[in-house]
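Trainee: Now for the letters of each chain:
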Amino acid sequence: MSDPVPLTTGHPGQVASATPPAPGRSRRLSDRGLAVAFISPALLLLLAMSVFPLLWALYLSFTDYSATRGGPAHFVGFGNYTAILTSAQVHQRALTTLIYVVGAVGLQTVLGFAIAYLISRRTHGRGLLTTLFLVPMMLSPVVVGLFWRFMLDAQFGVINSMLGSLGVGQVEWLTRQRTALISLIVVDTWQWTPFIMLIALAGLTAVPRYLYEAASIDRASEWFRFRTITLPLVWPLLLIAVLFRAIEAFRLFDLVYILTSGGPGVSTETLSFHVYKVAFLGFHTGTASAYGILMVLVVIVLTQLYLRYLNKLKED
Amino acid sequence: MAVSVNEAVSTGPVRDHPPGARRLGGRSRSILEVALLAVLAVVMLFPVLWMIETSIKENRDVYAIPAKFVDFQVTSEHFKDVFVASGGGRSALSVSFLNSVLVAGVSTVLATVLGVPAAWAYSRFAVKAKKDQLFFILSTRFMPPVVVVVPIFLMYRQVGLIDTKLGLILIYAAFNLPFTIWMMKGFVDEVPAEYEDAAMLDGYTRLQAFWRFTLPLLVPGIAATAVFALIFSWNEFVFAIFLTSSDNVRTAPPAIAGLIGGTTVDWGLVAAASVVCALPVFVFAYLVRKHLVAGVTLGAVRR
Amino acid sequence: MQRRGRMPVPSRKVQLATAAMLLVATTVAACGDGQDNGAKASAPKAPATIPELTKDPLTLSFIWFDWPPAHALEAFANAEYKKERPNTTIKVNTVPNANWHDAMFTQFAARKTDFDIAILDSQHIGEAVTNGNILDITDFVKNNIDVKAYNPYLLAAYGQFPQAETGKRDENASLYGLPLLGDTWTMIYRKDLIGDKPPQTWDEMISVAERCQADNPGVSGLAFHQANGSDAAAVTYNTVNGVYGGNLWDSKTRKIEGVLNDAAGQEAMDVLVNKMKPLTAKGSGNWFIDEVNAAVAQGKACIAFNWIAASGGLLDPKQSTLGTTREQILDKPGFATLPSQKTNLVPLGGMGMHVSAYSSKANQAEALNFMKWFERADIQKKWAAAGGVPSRTDALESPEFLNAGPFNQVYTDSVPRMRDMWNVPEYARLVDIENTNVNAALNGAKKPKDALDDIAKEQQGVLDSSSRKGGGGL
Numbered sequence: 003m004s005d006p007v008p009l010t011t012g013h014p015g016q017v018a019s020a021t022p023p024a025p026g027r028s029r030r031l032s033d034r035g036l037a038v039a040f041i042s043p044a045l046l047l048l049l050a051m052s053v054f055p056l057l058w059a060l061y062l063s064f065t066d067y068s069a070t071r072g073g074p075a076h077f078v079g080f081g082n083y084t085a086i087l088t089s090a091q092v093h094q095r096a097l098t099t100l101i102y103v104v105g106a107v108g109l110q111t112v113l114g115f116a117i118a119y120l121i122s123r124r125t126h127g128r129g130l131l132t133t134l135f136l137v138p139m140m141l142s143p144v145v146v147g148l149f150w151r152f153m154l155d156a157q158f159g160v161i162n163s164m165l166g167s168l169g170v171g172q173v174e175w176l177t178r179q180r181t182a183l184i185s186l187i188v189v190d191t192w193q194w195t196p197f198i199m200l201i202a203l204a205g206l207t208a209v210p211r212y213l214y215e216a217a218s219i220d221r222a223s224e225w226f227r228f229r230t231i232t233l234p235l236v237w238p239l240l241l242i243a244v245l246f247r248a249i250e251a252f253r254l255f256d257l258v259y260i261l262t263s264g265g266p267g268v269s270t271e272t273l274s275f276h277v278y279k280v281a282f283l284g285f286h287t288g289t290a291s292a293y294g295i296l297m298v299l300v301v302i303v304l305t306q307l308y309l310r311y312l313n314k315l316k317e318d
Numbered sequence: 294m295a296v297s298v299n300e301a302v303s304t305g306p307v308r309d310h311p312p313g314a315r316r317l318g319g320r321s322r323s324i325l326e327v328a329l330l331a332v333l334a335v336v337m338l339f340p341v342l343w344m345i346e347t348s349i350k351e352n353r354d355v356y357a358i359p360a361k362f363v364d365f366q367v368t369s370e371h372f373k374d375v376f377v378a379s380g381g382g383r384s385a386l387s388v389s390f391l392n393s394v395l396v397a398g399v400s401t402v403l404a405t406v407l408g409v410p411a412a413w414a415y416s417r418f419a420v421k422a423k424k425d426q427l428f429f430i431l432s433t434r435f436m437p438p439v440v441v442v443v444p445i446f447l448m449y450r451q452v453g454l455i456d457t458k459l460g461l462i463l464i465y466a467a468f469n470l471p472f473t474i475w476m477m478k479g480f481v482d483e484v485p486a487e488y489e490d491a492a493m494l495d496g497y498t499r500l501q502a503f504w505r506f507t508l509p510l511l512v513p514g515i516a517a518t519a520v521f522a523l524i525f526s527w528n529e530f531v532f533a534i535f536l537t538s539s540d541n542v543r544t545a546p547p548a549i550a551g552l553i554g555g556t557t558v559d560w561g562l563v564a565a566a567s568v569v570c571a572l573p574v575f576v577f578a579y580l581v582r583k584h585l586v587a588g589v590t591l592g593a594v595r596r
Numbered sequence: 007m008q009r010r011g012r013m014p015v016p017s018r019k020v021q022l023a024t025a026a027m028l029l030v031a032t033t034v035a036a037c038g039d040g041q042d043n044g045a046k047a048s049a050p051k052a053p054a055t056i057p058e059l060t061k062d063p064l065t066l067s068f069i070w071f072d073w074p075p076a077h078a079l080e081a082f083a084n085a086e087y088k089k090e091r092p093n094t095t096i097k098v099n100t101v102p103n104a105n106w107h108d109a110m111f112t113q114f115a116a117r118k119t120d121f122d123i124a125i126l127d128s129q130h131i132g133e134a135v136t137n138g139n140i141l142d143i144t145d146f147v148k149n150n151i152d153v154k155a156y157n158p159y160l161l162a163a164y165g166q167f168p169q170a171e172t173g174k175r176d177e178n179a180s181l182y183g184l185p186l187l188g189d190t191w192t193m194i195y196r197k198d199l200i201g202d203k204p205p206q207t208w209d210e211m212i213s214v215a216e217r218c219q220a221d222n223p224g225v226s227g228l229a230f231h232q233a234n235g236s237d238a239a240a241v242t243y244n245t246v247n248g249v250y251g252g253n254l255w256d257s258k259t260r261k262i263e264g265v266l267n268d269a270a271g272q273e274a275m276d277v278l279v280n281k282m283k284p285l286t287a288k289g290s291g292n293w294f295i296d297e298v299n300a301a302v303a304q305g306k307a308c309i310a311f312n313w314i315a316a317s318g319g320l321l322d323p324k325q326s327t328l329g330t331t332r333e334q335i336l337d338k339p340g341f342a343t344l345p346s347q348k349t350n351l352v353p354l355g356g357m358g359m360h361v362s363a364y365s366s367k368a369n370q371a372e373a374l375n376f377m378k379w380f381e382r383a384d385i386q387k388k389w390a391a392a393g394g395v396p397s398r399t400d401a402l403e404s405p406e407f408l409n410a411g412p413f414n415q416v417y418t419d420s421v422p423r424m425r426d427m428w429n430v431p432e433y434a435r436l437v438d439i440e441n442t443n444v445n446a447a448l449n450g451a452k453k454p455k456d457a458l459d460d461i462a463k464e465q466q467g468v469l470d471s472s473s474r475k476g477g478g479g480l
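Protein chains in written order, with our numbering: chain X, 3 to 318; chain L, 294 to 596; chain F, 7 to 480.
Chain X on its own, in the form it takes in the complex (with noise of 0.2 Å):
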């Protein structure tokens, strides 16, 4: 995503007084008229409703407010926010969620980038394919884990039918520490697989066909074709697609209220579904503001860091 004009990208503050380069003196006004009036009502309805809530539960985190006891709300200083970083139950869904965003995303990546590569050398019935690979990635989260959750039942399940027909015994898909988790895990990797795949397919159809006969005519061979030419060109994109699935995936809930709850025990238990049990069981607004801004926090930085490394690549 780099933009048309090359500006205020450094120091925005200062350059942006500088000129703008637009076409003509007497149409700037109405460009800026124009740009105002067409960009605030989008950043209005964010403040809205993104700025405004966050601030509140900045201002919230502070206190130990909670949302049903009523009084006022008492100051805490960072009283929540120590709490909730030394908390060994925290660090235990930190980690639950780290294993869990590294191996859905990993996953999806590896598959969702094979089945775009092999359906782009596909010359009849590609449309039909992706559209068939992009149905998983359709359906409500709410579905995928019902559904899921009744394939993978130990008993009825048609999962467990099948593997016993193949002389597998069986499996405790969603009531063992490591299963449940790989369930999880499996489940989103069917779900989102597709995305990445639709993101990866765009790049590699977008690969110049005279990049690929040049090569040919240079005799060169196809793991190398594949690596100095595709790789290369689709790769930002695939990291954009990856970006977009690290967040989503660190704020996993829905799923796992599904499918898991966080069981057995509290071993499928995210971040998220952790600042769900404070938040709404037994209503400590204050320490479930504290841990949603640390939750938001980390998802900048690492929005911040892909950003960068995107833009570097660009650059290069």
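Heads up, a few of these hints could be off.
[Stated by the list, open to error] Partial pick of chain L residues on the chain F-facing surface, computed with a CB cut under 10 Å: (1) R353; (2) P359; (3) G382; (4) R450; (5) Q451; (6) I455; (7) L459; (8) S538; (9) S539; (10) G554; (11) T556; (12) T557; (13) D559.
[Unchecked claim] Between beta-carbon pairs, the in silico distance windows are: (14) F:T65 with L:G398: 26 to 34 Å; (15) X:L60 with L:I345: 45 to 53 Å; (16) L:I345 with F:N84: 33 to 41 Å; (17) X:I101 with L:L508: 41 to 49 Å; (18) F:S366 with X:S32: 50 to 58 Å; (19) F:N84 with X:L134: 43 to 51 Å; (20) X:V112 with L:A491: 41 to 49 Å; (21) L:G319 with X:L307: 55 to 63 Å.
Calculated directly from the structure, the hints in this document are not laboratory data.
Note that CB positions come from ideal geometry on N, CA and C, so glycine has one too.
Chains L and F: place on chain X using the hints.
Mentor: Same frame as chain X, but now just chains L and F:
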């Protein structure tokens, strides 16, 4: 430029053909690839097929061990249950589907109407601290819903938006807006600014140039973006379950989640409701399928 | 973070808008605080007599979770209550079971409810009363309800706060609700597999289940709630704990540590994890009401435990493989009160009706009138015939109730044996701690002893946490 992009997409399929066929063993490799693709397709689609199958099975066959793949009694009972209440009349599920249509539709329109002009402005004009603004916009999209739902809840209770469709529409629009802006900015970047400049030399204003020349070229992109926004709103669960509670506001996902946790799970009904929930999204996505792939290409690749 | 992560500073207009938003934010937040300050941390009182009722059309709304009794209540009330009050329509809003507590209490937190009568779980009363969410109906009950017609404990369980954990009602305590639906666990045993006579002690029950499982391949000995959502695994442990003579806490000194995990408590956990769990089906570690019912209906369990109010579906031939008619099915599963061991305690289930403090005066009056009507002797019998579980003693012993379902006798016999959990404002957290830890122990994610000690320690922490600065709820 826009034309050439369309060309690239339509000629895409043949692109790989010559180099692939020229290689020795290209045929057997091709067969291997098809087989691999077929296996992956089966794995990805099996759960969906199983869902459709379960939706037309009688309940006693649903629990059969080993699972019945072909020889089962076909029934349309579950689909009837989705729409018709047991005592006759409209079922709570069917009401929730209507609510979903309204909420998802209006919020998508809202996000598009607000997002497309903003994306165009970001693409065309020298806006102060543009990168920061865009980054800020994107970061609002990435906030964990469970985190946002707490302050949103507090805010909504002050203004009386809890358990209202308007409340859901606003929050969905706000969540789709960043995506719309980012996605659409990519599309707008692809349309050369020279088109507008040329139009303006012909005497059109900037606004007219946008409206008459750029916007028509953006329609495929808008469609693709809107489909994603629509899918998000249609499928959204977290806000829906925490911000609504009554039958006449509840959207489909929480209503379907409510089908389990009673006293018996009617998996046939769950499957039928899931199929009904998924169907409109599929139809819409299929209608704009060409734009989907082209759309993501346009939105993300610029070189 | 780049540039301190502040919002970028866009055009002046947007800056202005931001300032406006902040202003609104401060104002609204201030308003919110003001309102909260005004709310006393005690429940407002309901009038002692029912005020004059409106003649205009009125919808009386309930909130419950989605299960058959909720639909039965709506149908029953619309058919019967309309005879007295033709201008009133009854609407029972239902939410998913997992979302039940959250749905009610988020609305309470909003100080605005779309229901007039909340159907609270007995343990939710403490939270609702402490936050002033439901009406104090002590005086109303005195003037309008014949309290002698009930087993005193039933009135206490669904209405009294501070709670009566077991046994007697405290005549001086305030009442906040009236019974709607009584419930307890029933033992469901396969007469055709283990004989007509149900096991009498817990140990005997386990050995019978063991034998039955060995004799019938493909059928597991036991099926019970193990899930970590709602109150599933917690009720299971609490039941075994009660039967083996344990205590959940000492309510006077608010001690859990050392009480729950005493010798009796440890024995109960050992029985549950090491003797009962091995007799359950593989992968049953996330089972709750529906899964246990499915196992029974599919003929996959010798002995199962489930809530009585949730057992109606077992007799539905469409869901069952045990027979093609109700009579045929009834040849197989039998229903009995729970076996006893050191004590004969059984878990208290069911819910009461509680009037929302935020609903309009006219609706509150109608709600009180409905409750008075519902607790009438003739209506309680009709409710029983419609599939509900009444609370008045005369209704519980009436043929209308006892003939309505094969498990209803079990309920009547169980009433004097009931014990409830802690009914305190911290209930939601206490039950979550217990649920997750018992579930972990049942699924091998924790050693039983560690799990019990963790429950005691963490629950004690919750009860003692009021003095802590920050981090509450972790």
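Trainee: A separate judgement is required for each hint: does it hold in the structure or not?
Mentor: Comparing the hints with the structure gives:
Nearest Cβ of chain F to the Cβ of R353 (chain L): about 6 Å, under the 10 Å cut. The hint holds. Hint status for P359 (chain L) relative to chain F: violated, with the closest Cβ pair at about 12 Å, above 10 Å. At its closest, the beta carbon of G382 (chain L) sits 12 Å from a beta carbon of chain F; the interface hint therefore is violated under the 10 Å criterion. For R450 (chain L), the interface hint holds, since its Cβ comes within 10 Å of a Cβ in chain F; the closest pair sits about 4 Å apart.
Interface restraint check: Q451 (chain L) against chain F, minimum CB-CB distance 5 Å, threshold 10 Å, status holds. Because the closest C-beta pair between I455 (chain L) and chain F is about 5 Å apart, less than 10 Å, the hint holds. For L459 (chain L), the shortest C-beta to C-beta distance to chain F is roughly 15 Å, which exceeds 10 Å, and the interface hint is violated. Against a cut-off of 10 Å between C-beta atoms, the interface hint on S538 (chain L) holds, since the closest Cβ of chain F lies about 4 Å away.
With 10 Å as the threshold, the beta carbon of S539 (chain L) comes within range of chain F, its nearest partner Cβ sitting at about 5 Å, so the hint holds. With 10 Å as the threshold, the beta carbon of G554 (chain L) comes within range of chain F, its nearest partner Cβ sitting at about 3 Å, so the hint holds. Satisfaction of the interface hint for T556 (chain L) is found here, the shortest Cβ-Cβ separation to chain F being roughly 4 Å, below the 10 Å cut-off. At about 4 Å, the closest approach between the beta carbon of T557 (chain L) and any beta carbon in chain F falls short of 10 Å, and the interface hint on this residue holds.
Interface hint at D559 (chain L): satisfied, since its Cβ lies 8 Å from the closest Cβ of chain F, which is below the 10 Å cut-off. Between T65 (chain F) and G398 (chain L), the C-beta spacing of about 28 Å keeps the proposed range 26 to 34 Å intact. Checked against the given bound of 45 to 53 Å, the beta carbons of L60 (chain X) and I345 (chain L), roughly 47 Å apart, stay inside it. Here the CB-CB span from I345 (chain L) to N84 (chain F) is close to 36 Å, well matched to the stated 33 to 41 Å.
Checking the proposed 41 to 49 Å range against I101 (chain X) and L508 (chain L) shows it holds: the Cβ atoms sit about 46 Å from each other. Against the hinted window of 50 to 58 Å, the Cβ-Cβ separation of S366 (chain F) and S32 (chain X) comes to about 54 Å, which satisfies the hint. Restraint check, N84 (chain F) to L134 (chain X): a C-beta distance of roughly 47 Å satisfies the suggested window 43 to 51 Å. Range check, V112 (chain X) to A491 (chain L): about 46 Å between beta-carbon atoms, so the 41 to 49 Å window is met.
With their beta carbons about 42 Å apart, G319 (chain L) and L307 (chain X) fall outside the hinted range of 55 to 63 Å.
Going through the hint list in order, the structure does not satisfy hints 2, 3, 7, 21.
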